[in-house]
Amino acid sequence: DQQVKQNSPSLSVQEGRISILNCDYTNSMFDYFLWYKKYPAEGPTFLISISSIKDKNEDGRFTVFLNKSAKHLSLHIVPSQPGDSAVYFCAATFSGSARQLTFGSGTQLTVLP
Amino acid sequence: NAGVTQTPKFQVLKTGQSMTLQCAQDMNHEYMSWYRQDPGMGLRLIHYSVGAGITDQGEVPNGYNVSRSTTEDFPLRLLSAAPSQTSVYFCATTTSGGDTQYFGPGTRLTVL
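Protein chains in written order, with this note's numbering: chain A, 1 to 113; chain B, 1 to 112.
Among these hints, one or two may not hold up.
[To be verified] Straight-line alpha carbon distances no greater than 20 Å define the calculated SDA-like cross-link-like pairs of lysine to any residue that follow:
hint: 1; chain 1: A; residue 1: Lys5; chain 2: B; residue 2: Gly40
hint: 2; chain 1: A; residue 1: Lys5; chain 2: B; residue 2: Thr15
hint: 3; chain 1: A; residue 1: Lys37; chain 2: B; residue 2: Leu13
hint: 4; chain 1: A; residue 1: Lys5; chain 2: B; residue 2: Met41
hint: 5; chain 1: A; residue 1: Lys5; chain 2: B; residue 2: Ser80
hint: 6; chain 1: A; residue 1: Lys37; chain 2: B; residue 2: Ile54
[What the hints assert, rightly or not] To give an idea of the interface, some chain B residues facing chain A are shown, with a C-beta separation under 7 Å as derived from the structure:
hint: 7; residue: Pro8
hint: 8; residue: Phe10
hint: 9; residue: Gly40
[Said to hold, decoys possible] Now the stretches of chain B that chain A is said to cover, found in silico as 3 or more residues with beta-carbon under 8 Å:
hint: 10; stretch: 41-47
hint: 11; stretch: 61-74
Simulated from the structure, these hints should not be mistaken for lab results.
Note that CB positions come from ideal geometry on N, CA and C, so glycine has one too.
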């Protein structure tokens, strides 16, 4: 039973437009959420995170939104750039620590020039 | 400052063989962990350690052993490799109060 789900395996977006990646979770104990970005043949790299006490966190072109009642979070990338093309993983954990992460299956984002 | 390093990058084993995947970090992080990534399943936690001498199981520990004799190193041992262990393995580290984990570049393992 997957506790963190990314239902879209892939997403294509035109350069300059908004990319929206979605993530759902089932475990209400999760209180800290992270997004990782992964290029081929490399390890995941941290992108942005959000605590359950917030509903939005912004870092440059990246914004994460959290809807606790729906157990849903999304990552917005504006504007999208070709270098953003990668696999994006949503992850969740407990008590503000990133020690034991539960990952979603990932979404391959392709930004078309 | 190399961060998190993993060796080897690639490995092919036959069923029943044993091997050790190496992970080293130079960031003096207390917490280290091993994940495996399989197609369509994201990353799953195998084992983790909160400091030298302390290890614990994650979500998918069967068939793997770990030990943590130093802060820097956290090797993952496959006792008797099986085709189901074909995967990409990632080591990660974080500080005890850290908000994020730093991943190594991965080891791609194929078991025939």
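Hints breached by this structure: Hints 2, 3, 5, 6, 7, 8 and 11 not satisfied by this model.
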